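Asker: Each chain, letter by letter, is given below.
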Amino acid sequence: MSSNDPDFFRILRVLVSHDVDFIIVGGVAAVIQGVPVTTADLDIVHLRTAANVERLLAALDDLAAHSRLDARRLRPDASHLLSPGHQLLTTDAGLLDVLGEIAGGHDYETLVAGTADIEVGGRRVRVLSLEQLVETKSRAGRPKDLAAVQLIRHAIQERDRRT
Amino acid sequence: MSDSETRGPDERAHAGESAHASGLPVFADDGTDLTVIRWMLGLSPDDRLRWLQNHMRAVARIGHVQQRP
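Chain order of the listed sequences is A and B.
Numbering (our numbering) for the first sequence: 163 to 325.
Numbering (our numbering) for the second sequence: 144 to 212.
Derived by calculation from the structure, the hints in this document are not laboratory data.
Please read these numbers as outputs of a predicted model, since none were measured by experiment.
Errors might be hidden in some of the hints.
[Unchecked claim] Coverage of chain A stretches by chain B, computed from C-beta distances (three or more under 8 Å per stretch; other residues unrestricted):
| hint | stretch |
| --- | --- |
| 1 | 168–178 |
| 2 | 198–209 |
| 3 | 277–283 |
| 4 | 308–318 |
[To be verified] Sample of chain B residues facing chain A (criterion: CB under 7 Å; computed from the structure):
| hint | residue |
| --- | --- |
| 5 | Ala-171 |
| 6 | Asp-173 |
| 7 | Thr-175 |
| 8 | Val-179 |
| 9 | Ile-180 |
| 10 | Arg-181 |
| 11 | Met-183 |
| 12 | Leu-184 |
| 13 | Pro-188 |
| 14 | Arg-191 |
| 15 | Leu-192 |
| 16 | Leu-195 |
| 17 | Gln-196 |
| 18 | His-198 |
| 19 | Met-199 |
Ideal Cβ placement from N, Cα and C applies to all residues, glycine included.
My request is simple: use the sequences and hints to build the entire structure.
Answerer: Take a look at the structure:
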């Protein structure tokens with residue numbers, strides 16, 4: 163398994179099996195909710211408490227996660243995961259970005275109210291809602307985010323038309 | 144993989160024609176093909192994630208072919 167042959171189901175299964183508190187954000191969150199965008203990595207925002215970081219480290223160990231920016235294949239440690247920074251990782255099930263905060267200071271605790279509880283691969287996971295994705299991507303303001311915002315808005319309209 | 148996920152573009156096009164016949168717009172003002180969004184919304188979350196993974200694998204295969212001498 164490699165970044166060319168991702169298994170996001172396995173990453174999610176491992177995170178859930180370790181009771182990690184996390185929110186799926188970014189492109190995968192959009193796809194799970196019906197937006198036809200493409201992305202190469204799974205982005206999550208995790209709860210930055212010592213206990214959750216310990217569980218997350220155990221999950222990342224199971225996934226053989228290491229930095230994809232460093233030729234030494236450094237593994238993240240607790241200090242990395244307690245920080246608001248972004249850990250861009252390669253795992254044996256694909257690319258995983260572990261984010262302390264997104265879009266200018268939004269962390270797990272501020273985002274969790276805007277999540278949907280969705281079953282993926284037989285397990286319930288928290289996914290950032292389409293409305294919150296619009297807000298965070300609009301705030302990020304990069305061209306790739308703004309292009310996705312348009313699609314997400316159309317998906318929200320189509321979803322709401324169905325209900 | 145479910146039937147809905149493996150449905151091809153021809154069938155999606157047909158779905159678009161049906162949507163047009165039903166009075167729903169096929170394209171948004173910005174050119175977005177709304178039939179693709181409707182097709183995606185018709186899948187389960189699992190099938191949507193499989194669609195993404197299959198897409199990534201297809202892109203990787205194309206990259207490998209292009210790299211051949």
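Asker: Are the hints correct? Go through all of them and say.
Answerer: Evaluated hints:
Counting residues of the stretch 168–178 of chain A whose beta carbon lies closer than 8 Å to any beta carbon of chain B gives 4, which meets the minimum of three for the stated coverage. Counting residues of the stretch 198–209 of chain A whose CB falls under 8 Å from any CB of chain B gives 4; the rule of at least 3 is met. Remark: the stretch 277–283 of chain A is confirmed as covered by chain B, as 4 of its residues place a Cβ nearer than 8 Å to a Cβ of that chain, reaching the required three. Residues of the stretch 308–318 of chain A with a Cβ under 8 Å from some Cβ of chain B number 4, which satisfies the need for three, so the listed coverage holds.
With a cut of 7 Å, the hint placing Ala-171(B) at the interface with chain A holds, because the nearest CB-to-CB distance is about 6 Å. Interface hint at Asp-173(B): satisfied, since its Cβ lies 6 Å from the closest Cβ of chain A, which is below the 7 Å cut-off. For Thr-175(B), the interface hint holds, the least distance from its beta-carbon to any beta-carbon of chain A being 5 Å, beneath 7 Å. For Val-179(B), the shortest C-beta to C-beta distance to chain A is roughly 5 Å, which falls under 7 Å, so the interface hint holds.
The beta carbon of Ile-180(B) comes within 5 Å of a beta carbon in chain A, closer than 7 Å, and the hint placing it at the interface holds. The beta carbon of Arg-181(B) is positioned within 7 Å of a beta carbon in chain A (closest approach about 6 Å), and the interface hint is therefore held. Taking 7 Å as the C-beta cut-off, the interface hint given for Met-183(B) holds, the closest approach to chain A being about 5 Å. For Leu-184(B), the suggested interface contact is upheld, since its CB lies about 4 Å from the closest CB of chain A, less than 7 Å.
With its C-beta approaching chain A no nearer than about 5 Å, Pro-188(B) sits inside the 7 Å limit, and its interface hint holds. Checking Arg-191(B) against chain A: minimum C-beta separation of about 5 Å stays under 7 Å; hint holds. Hint on Leu-192(B) holds. Least Cβ distance to chain A is approximately 6 Å, under the 7 Å limit. For Leu-195(B), the interface hint holds, since its Cβ comes within 7 Å of a Cβ in chain A; the closest pair sits about 5 Å apart.
For Gln-196(B), the suggested interface contact is upheld, since its CB lies about 5 Å from the closest CB of chain A, less than 7 Å. The interface hint given for His-198(B) holds, since its Cβ lies 6 Å from the closest Cβ of chain A, which is under the 7 Å cut-off. With 7 Å as the threshold, the beta carbon of Met-199(B) comes within range of chain A, its nearest partner Cβ sitting at about 6 Å, so the hint holds.
Taken one by one, the earlier hints all hold for this structure without exception.
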